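In order, the protein sequence lines correspond to chains G, U, L and F.
Residue numbers for the first sequence, in our numbering: 20 to 334.
Residue numbers for the second sequence, in our numbering: 20 to 334.
Residue numbers for the third sequence, in our numbering: 20 to 334.
Residue numbers for the fourth sequence, in our numbering: 20 to 334.
Any given hint could be a false lead.
Treat identical chains as interchangeable: a pair holds within one or across any two.
Stated by the list, open to error - Derived lysine-lysine pairs resembling DSS-like cross-links, with alpha carbons at most 25 angstroms apart:
1) LYS270 <-> LYS311
2) LYS311 <-> LYS53
3) LYS311 <-> LYS103
4) LYS103 <-> LYS318
Note that these hints are calculated values from the structure, not bench results.
These numbers come from a predicted model, not from an experiment.
4 protein chains.
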Amino acid sequence: MDKANLDIVIKNAIEYAKAYENTGMVASYIPELKNADKNALGVCIAANNKKIYKAGDCETLFTMQSISKVVSLILALQTVGKEKVFSKVWVEPTGDAFNSLVRLETHTHIPLNPMINAGAIAVAGVIDAEFPFSRFLAFMRRLCGREDICLNERVYLSEKASGMKNRAIAYMLASEGVLERDVEQTLDFYFKMCSVNVTAVDLARIGSILANDGVDIFTGERLIESEYALIAKTLMVTCGMYDGSGEFAIKVGIPAKSGVGGGIMCCVEDNFGIAVYGPSLDAKGNSVWGLKVLEYLSKELKLHYFAGSKIREYI
Amino acid sequence: MDKANLDIVIKNAIEYAKAYENTGMVASYIPELKNADKNALGVCIAANNKKIYKAGDCETLFTMQSISKVVSLILALQTVGKEKVFSKVWVEPTGDAFNSLVRLETHTHIPLNPMINAGAIAVAGVIDAEFPFSRFLAFMRRLCGREDICLNERVYLSEKASGMKNRAIAYMLASEGVLERDVEQTLDFYFKMCSVNVTAVDLARIGSILANDGVDIFTGERLIESEYALIAKTLMVTCGMYDGSGEFAIKVGIPAKSGVGGGIMCCVEDNFGIAVYGPSLDAKGNSVWGLKVLEYLSKELKLHYFAGSKIREYI
Amino acid sequence: MDKANLDIVIKNAIEYAKAYENTGMVASYIPELKNADKNALGVCIAANNKKIYKAGDCETLFTMQSISKVVSLILALQTVGKEKVFSKVWVEPTGDAFNSLVRLETHTHIPLNPMINAGAIAVAGVIDAEFPFSRFLAFMRRLCGREDICLNERVYLSEKASGMKNRAIAYMLASEGVLERDVEQTLDFYFKMCSVNVTAVDLARIGSILANDGVDIFTGERLIESEYALIAKTLMVTCGMYDGSGEFAIKVGIPAKSGVGGGIMCCVEDNFGIAVYGPSLDAKGNSVWGLKVLEYLSKELKLHYFAGSKIREYI
Amino acid sequence: MDKANLDIVIKNAIEYAKAYENTGMVASYIPELKNADKNALGVCIAANNKKIYKAGDCETLFTMQSISKVVSLILALQTVGKEKVFSKVWVEPTGDAFNSLVRLETHTHIPLNPMINAGAIAVAGVIDAEFPFSRFLAFMRRLCGREDICLNERVYLSEKASGMKNRAIAYMLASEGVLERDVEQTLDFYFKMCSVNVTAVDLARIGSILANDGVDIFTGERLIESEYALIAKTLMVTCGMYDGSGEFAIKVGIPAKSGVGGGIMCCVEDNFGIAVYGPSLDAKGNSVWGLKVLEYLSKELKLHYFAGSKIREYI
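Put together the whole structure using the sequences plus the hints.
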């Protein structure tokens, strides 16, 4: 597959998606997010040939929101190790909404996985650093190869002011000893990491590192331990698209993580990172057009893990 | 990888697993299952080179139990089509136990996926045939290439006599119109399909067909539509190992379905089907030694979907 | 308070209730119930002076539905004793709908109280008789002083044909050993007891027996053990009006049990039994106009247990 | 019944209770409560003849804990009115533990009743005063006729430091707009009201005011509106003894509210207030010996609302 093709495929994907009525809604739980352009759509692929393919709104800054959960999980694993992290969070998918806390009372005090809010807050509480957000930001800058990655202060303040359900979750975790640090400081970090500004290009780069076993395809530098890349990708498969993860696994079939800022970050093993930006969301919190773009790309490029015809080296 | 290697690897896997204390318990909810040999262990690989590699208790007959859910799903899809099937069951993983019915009341009347009992019973209710079990058995015989696949009558009668929770689930589905057929007839089929006798070799063969995009590796005959094979495999990834599916996806990382009869059926895309038989189960209902065997195989043979180093054809 | 007054009070109560728009709906889950006259309303008081006061549709036959749960509980207590009954059902109110079964899985296998379906089915399963329904009918005839109390065959058959959720509950109870008898036989009794035809006069008589410590006010015969009358009345306070019991306890404040046939059976300690028939139901399953009648009577006659001004004998 | 009798009855009640093994445990979730004397037991009756009968540890100070919920509910009703209060909390019993928050997510955002923590926090949030605790304290002093009622500062600070689950509940309420005030300020008031020091005599006095329709039996002054006294008493019946309320209603049958400080406050309509202090608690949070005392008193003095033989004035 050559470069020319990918440029065309991306453009076709955008056209395909935009042919669908934009039935979604921009996230509105905080005023800052409401200002996003409902009809924006950007698609970027960072390929193992060290090229970036993109079309549409790929320079628009938007906040990572839940996509930051992948990065914070990896940061936690690299900081305090697997044993500590998985004493605070499990790795099982749930059929619940991302911000549910019911199971913490009825099933287990340990959140089911790091991709739901409860799990991500538990993970936020173990990152071993006096200044977890500085560390997060430094890590993000290396992953994106861009020193000017920074906080969207207005979104952060908005999240912090209105994040009552997340506070409820955090205090619930604290009441059971899952969260051992100061709750408000942990939440402050959580709200900050969700409010980091990125572009589709940034997310495609992170995706390409995950696809490349943790090694930056542009610099050759290992930024993520191989095992932690595998863990992150597997969790993206089973839990990355909120309570639409199962359907996405069938229809698209690549590790992906979406955020209510409108982004979806994906990786195609050994090949490329893909990111979509489309802030109009469906009821589950996933980008409406973003899903369409990814369905198109998966079909066109045979990206599904079980798309067949990829003879491996075993026999 | 040559045949000699696979024979050795399988033997090593058995040795590796048996080094772990057999902490599990044979399923005991019906008397028939209690008679299984707790220390039995068999491993079989059906490879795309048309060879069968096996070691241990690979001739022992055991009942499919939940593994039949994969076959009945495919049969339903091939019989009444995707639209009808997915009007009765969703494809989202749950964090609940396999026999839970709570969500049918609190979340949605449609079962979350076909790998939990509620979902499998809903699927059993749509198979379009006067004699669904005859059809199931015929399909199983083709998949396994063995005309003498048959029902374990004693297990079936035992299941039927004691399956109160499954009856509760079925009537719950009927009360909401998800199950439209006669409840007792549907349950009768469900209990029968769970009670079909197979060996590890049989399951490895079915796994190899799934791995081979639905085409029988021995005959070249397409037995499963490509799309339905993909759906089945994806559901095995997200929901195949009960509420241990998430951990299995990280530790092993291949589509798999387990049953409380002690079997686990797996498939490695484009390469082979794998089956393990080990009737000693952990608290979630998965074979204790079976899990160890699969962890070993995954590591040794680099089977995990995200194990890296499998350059595809794209770039 | 003299007879003349009660006649007037009842008429005023009906007028008061009918001034409210009939916003409810006749029960429709089985065809037979749908035929009830939405605008019917009957009120009857059976007083300790051995007089019956009544107005409106007091001769209309309707099925007891959930009101039968009070009678079957008393029958069970008198048949097998307190210890056996309360090994199968608790006495705690729930905030759940009458036909919920979620708690049987999440909290405890023992139903929370005998006034919800799960609890009533558990109670139905312990009545010690080869022919529980004959026994129930005989008991009803004595309570109502009327030999021609009988089954509404069409409602019974309708309930039996459509009672899928109750079947789900019963099999759930059987799966945990709470229900030890044959499930279908127990359900058959349960559907029959719900389908017994009564009038408002019948229910007022039963209410007056409960109010009179278990002794028939007309014959002086003890029909209910004093302790069991107390238990029944207390459960009617905490759980008698479905998930509207708490509000009813504040607004009316007398032991009461409603049924989706449109009846409400009440008792005012030491004074009288009250029954209302009004088949138009609110969302919780309680008679819309029946509630208004009882609010009126409670206020006019100062019936609330905590209405004040009833100096007792203690000091 | 004369005074001599009540003195003897109380002593017998204590003897009866202490004959039971003290199987309970002193509340331990905060260090301050752990210091209580597990074997303390005090019983006090404030009768309508303006006499106080008491025996045992009736001068010991202990914190009100959940008993304060009755007082704060009345204060809220008297401050902002019924409509406002019941827009924030319902009056239905639940079968859940006092500190559960599951239903806020699964059923309704409005807490089910004011006697569970969620409901009491919602009520705390509507008391219309800049200084709600000053107002609460002033009200308590009038109810108890004792100017030196005051806060147990150490318990308060302990509650405040450790009340994570209550914080989770409060933020959950805030996230749904049920709690409109500042969460931490509302919680501060909630922790303070729970930490007010009282004796059994104080609680018996409050109970006697409720029993006397809201009028202080010693001064003749109305301290509680008649309707609000009725509401409080009814809620004490259906929800006052945590998830043991249903059993208590059968076994004892008087309005009662318990607290994990070891107190139980009761009222017998038109007759007297009763309070028990016994800090050894059962699994539901009710005083073990306190329950025994009240069972004895109910039986000996025929206190159950449905104990019979109390001919009223109607006929």
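Against the structure, the hints come out as follows:
Taking the shortest Cα distances, LYS270 and LYS311 sit within 25 angstroms of each other inside one copy (10 angstroms), while across copies they are farther apart (31 angstroms). Proximity of LYS311 to LYS53 under the C-alpha cut-off of 25 angstroms is restricted to the intra-copy arrangement: shortest distance 22 angstroms within a copy versus 47 angstroms between copies. For a Cα distance limit of 25 angstroms, the shortest separation of LYS311 from LYS103 across copies, 23 angstroms, qualifies, whereas the shortest one inside one copy, 38 angstroms, does not. For the identical chains of this complex, LYS103 and LYS318 are inter-copy neighbours only, at 23 angstroms across copies versus 39 angstroms inside a copy, given an alpha-carbon limit of 25 angstroms.
The structure is consistent with each of the numbered hints, conforming to all of them.
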